[in-house]
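For the protein sequence lines, the chains are A and B, in the order given. Be aware that the first sequence starts at 2, since it is given in the working numbering, and climbs by one per residue. Be aware that the second sequence starts at 48, since it is given in the working numbering, and climbs by one per residue.
Since the hints were made in silico from the structure, they are not lab data. The beta carbon of each residue, even a glycine, is placed where N, CA and C say it ideally should be. Just to be clear, a hint being listed does not mean it is correct.
Unchecked claim - Per the computed footprint, the stretches of chain B lying under chain A, defined by three or more beta-carbons under 8 Å from a beta-carbon of chain A, are:
1. 85-95
2. 289-297
3. 320-333
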Amino acid sequence: MSVANVSAHDVSAHDDHHDHEHKDSFITKYIFTQDHKMIGKQFLVTGIFWALIGGFLSILFRLQLGFPEMNLEFLRPLLGGWITETGQLDPNFYLALVTMHGTIMVFFVLTAGLSGTFSNFLIPLQIGARDMASGFMNMLSYWFFFLSGVIMFISLFLERGPASGGWVVYPPLSALEQAMPGSGLGMTLWLVSMTFFIASSLLGGINYITTVINLRTKGMSFARLPLTIWAFFLTAVIGLLSFPVLFSAALLLVFDRSFGTSFYLSDIYIGGEALPNTGGSAVLYQHLFWFLGHPEVYIVLLPALGITSEIIATNSRKPIFGYKAMIISMLGITILSFVVWAHHMFVSGLNPFLGSIFMFLTLIIAVPSAVKVFNYLTTLWRGNLRFTPGMLFSIGLVSFFISGGLTGIFLGNSAIDIQLHDTYFVVAHFHLVMGSASFFGLMAGVYHWFPKMFGRMMDEKLGYIHFWLTFVGVYMVFFPMHYIGIAGFPRRYYSWSTYSFTDMYTDLNMFVSVAAIITFAAQFIFLFNFFYSMYRGRIASLNPWQSNTLEWTTPLHPQHGNWPGEIPSVYRWPYDYSKPGAKEDFIPQTVPLSATPESNLPHEEKLVKLEKEIIAEEEQVLVANEYKGS
Amino acid sequence: MYGFLIAIGVVLLLSVIWMVYRIQTLISVAKGSDKKIQTTSNKVNAILFVVFLVGTFALMTWYSIKEFNNYQLPVASEHGVLTDRLFWITMAVTGFIFILTHILLFWFPYKYQYRTDRKAVYYPDNNKLEVIWTLVPAVVLALLVISGWRAWTDITDPAPDGAHEVELLGYQFAWEIRYPGKDNILGDFDYRLINASNSRGVDFSDQNSRDDFPSQTVVIPKGEPVLFKIRARDVLHSVFAPHMRLKMDAVPGMPTRFWFIPTKTTAEMRAELGDEEFEYEIACTEVCGSGHFSMRRVITVVEPDEYRKWFSEQKTFVDSNPSLVMDLPVNEKELAESANQ
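Hey, can you work out the whole structure from these sequences and the hints?
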């Protein structure tokens with residue numbers, strides 16, 4: 002029962018002894034660990050693994066789209082029967098590729114890889130907690146995710162292929178085995194895998210919420226939380242409310258597939274026979290799916306925005322502009338994200354009146370997003386900017402957020418959406434605003450918190466090269482897609498030569514494919530930098546970015562429990578950068594206001610008295626502990 | 048052999064990169080530049096943002112102008128003109144914001160790059176500014192939404208009386224087309240009636256279906272309202288007629304519809320584009336399986352007179368295959384007939 006003992010111990014009061022009282026074995030330290038930092042790293046490494054697979058799959062279908070005549074015989078050792086006799090990609094496999102690319106990127110990389118990594122790693126460190134509320138549930142969260150990944154991975158190698166109905170897996174296509182090869186066992190495994198994934202998200206989310214509410218250190222009020230924590234907290238709330246709905250959608254699909262029910266099926270004649278199902282509604286699935294599907298966009302985006310807020314403030318040496326407005330806009334996004342889902346369904350046969358309602362609600366959500374962008378810009382304004390790789394990726398994120406967000410105004414307008422729905426315009430839109438922006442948030446976070454994760458620095462120059470190649474590359478991949486989309490090219494098309502209106506832009510598609518390959522290749526610079534620096538990077542200083550937040554007050558290699566001795570108390574908000582009168586251009590949250598009379602603002606003077614009482618109280622505890630220790 | 052040479056080349060290249068990497072690391076350690084913040088790298092990155100801004104802006108402008116006629120599909124329906132106008136209005140508004148915000152986003156890094164002799168301005172909030180940039184986007188968006196909403200309600204209103212009905216039935220992987228015949232009423236259908244000789248499941252016991260006829264292309268008259276009645280036989284499909292700015296999903300078990308008024312005949316469009324081969328096309332835009340990309344149908348828009356002539360010349364299902372009604376039980380046939388009298 003060492004597992005139970007460890008967790009009981011770490012949240013107990015004898016914190017100052019914890020790092021030499023028990024020895025972790027390899028298994029409890031690296032595999033079945035309950036330390037939030039290690040779990041965060043597990044999510045990160047798994048996320049990177051999946052990002053490589055997801056990226057590689059996209060290169061395969063970009064080869065088909067950019068070079069339709071190319072002989073892909075050289076891929077036969079890898080893809081086997083999916084290469085046809087003429088050396089082409091099998092059309093069914095093409096659909097499997099786009100489906101798996103979407104599923105992997107959205108769920109495994111940008112949900113688990115981003116939220117899983119940074120919520121786990123940063124929440125206890127930044128709020129001043131020893132660990133998550135439940136280390137055991139946290140461990141389960143990772144291992145459910147791992148299991149879900151294993152199942153999805155296995156499905157890639159099935160004879161009939163993995164699920165292929167698009168990442169949204171709309172029935173009846175995904176419900177009927179006759180409809181396409183991927184709707185057989187591949188789809189079953191997709192559903193099983195997603196079930197475990199949902200369980201993993203819920204276990205993680207409950208933990209994040211509980212931890213943020215209950216385990217904040219002394220003085221860490223909600224109004225002093227870093228924006229990262231606000232973002233992770235609200236993300237977890239969104240996930241907790243929306244993932245169960247995806248589960249219900251998946252469950253009903255399982256019933257339809259395996260137990261003969263008709264939730265989504267009605268009036269179908271396929272494979273030479275009329276099916277007995279009547280009365281179901283395929284649109285019902287779309288409602289259930291997008292009830293998760295749209296909040297999911299914010300599940301992947303909010304953590305990235307939170308990370309960016311933190312990094313931009315730190316590296317601009319300026320407080321984030323409009324801290325409260327940032328929180329209010331995130332709250333607004335959180336609430337609105339639940340009432341816009343049907344904008345994915347304007348032309349699904351949805352009642353047009355309902356379409357109007359959702360158009361209004363959708364465009365409202367653009368307002369808090371706009372506020373965030375203006376606040377980022379104002380934070381940069383008259384700052385003193387340090388271009389660390391994390392900062393570069395954060396600025397890149399803001400750029401993608403603008404570019405992709407603005408095209409959302411087209412798509413949220415149902416009249417304009419008629420033409421653009423399910424074209425490459427949509428592909429360009431969400432890859433910029435959701436895919437690339439969140440990916441850049443992930444990268445920014447890795448570069449910024451690498452010193453805390455591994456106690457070493459990543460190489461900056463390689464980081465710059467990685468950033469510029471990726472930043473230019475992403476725009477070269479996705480910007481041309483706007484033109485292709487305005488021209489009406491539909492998504493998920495294997496070939497463009499069937500239609501005369503799409504029988505053009507072979508040059509542009511080739512350009513996009515080449516850009517995609519270069520961008521993908523550039524990620525290996527990051528991989529090298531990441532793994533090399535983990536072992537051979539320069540040893541980091543305790544606070545390499547001169548940042549205010551609590552995680553930088555821990556030792557270089559924090560043990561399970563994070564702080565030897567007392568958890569530091571917090572006396573101020575996290576954005577006191579370049580405060581007038583202060584000696585340094587940053588004042589960590591742990592510095593009492595009473596220690597900085599030269600820089601206090603008028604309203605802060607009132608807090609000084611209150612603070613002195615807290616400090617006195619704390620000293621008593623310290624003395625008591627010392628007494629016990631001797 | 049080639050493989051071997053390539054492998055050696057790659058190894059050499061990697062080792063050169065490796066050496067360069069190590070050398071620059073050692074140099075930076077020796078110089079102590081890793082301790083500094085106001086470095087050349089910081090400056091280079093700041094400049095690169097401006098270079099990126101100017102470079103990509105030039106590229107975007109050049110390509111947008113050069114390719115305009117390629118990506119701007121000619122429009123051939125009344126509501127299409129409207130939605131295109133909305134599209135370009137939105138483009139103007141968002142384009143302005145896009146350029147403005149990006150100029151700020153990439154110019155600030157250059158202007159405010161790190162200098163040891165300067166301190167950033169402590170500027171945590173300004174409620175007036177916040178209110179302004181909450182209200183301004185809200186008002187602009189409201190205007191865009193309202194214009195979009197008015198167009199949307201017009202487009203999705205019920206079709207005017209007397210609209211020409213055409214049924215499009217999607218299946219893996221094509222569309223079946225059915226016309227209502229002289230009565231302008233499509234006969235009933237039931238998916239359980241589908242068989243080799245009745246691929247649409249038309250219920251021929253319904254009198255209205257007796258004059259229905261099939262067609263290989265969608266033929267419609269210019270300047271008159273046309274109502275597409277859309278359904279699917281197996282999985283989801285979606286009717287997409289790009290030149291008509293028309294899109295609507297085909298859902299098994301839930302018939303959908305979309306009406307529009309074509310404004311240019313195929314011949315007129317050919318003359319306009321100078322392309323003798325031009326055809327209006329229908330594509331599928333809801334993923335439906337391996338043949339998703341190849342569900343092409345042609346729409347032929349003709350002058351109303353020509354349309355009426357063509358319409359009257361078509362052969363009904365029953366005419367081309369009398370066995371469709373012969374199998375019907377006698378009483379059902381009579382019932383159907385009496386019900387229609």
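Hints, verified against the model:
1. 85-95: holds (count 6)
2. 289-297: That given contact holds, which follows from 7 residues of the region 289-297 of chain B lying within Cβ reach (below 8 Å) of chain A.
3. 320-333: Holds, because 8 residues of the region 320-333 of chain B bring their Cβ atoms closer than 8 Å to Cβ atoms of chain A.
The structure meets every hint from the earlier list without exception.
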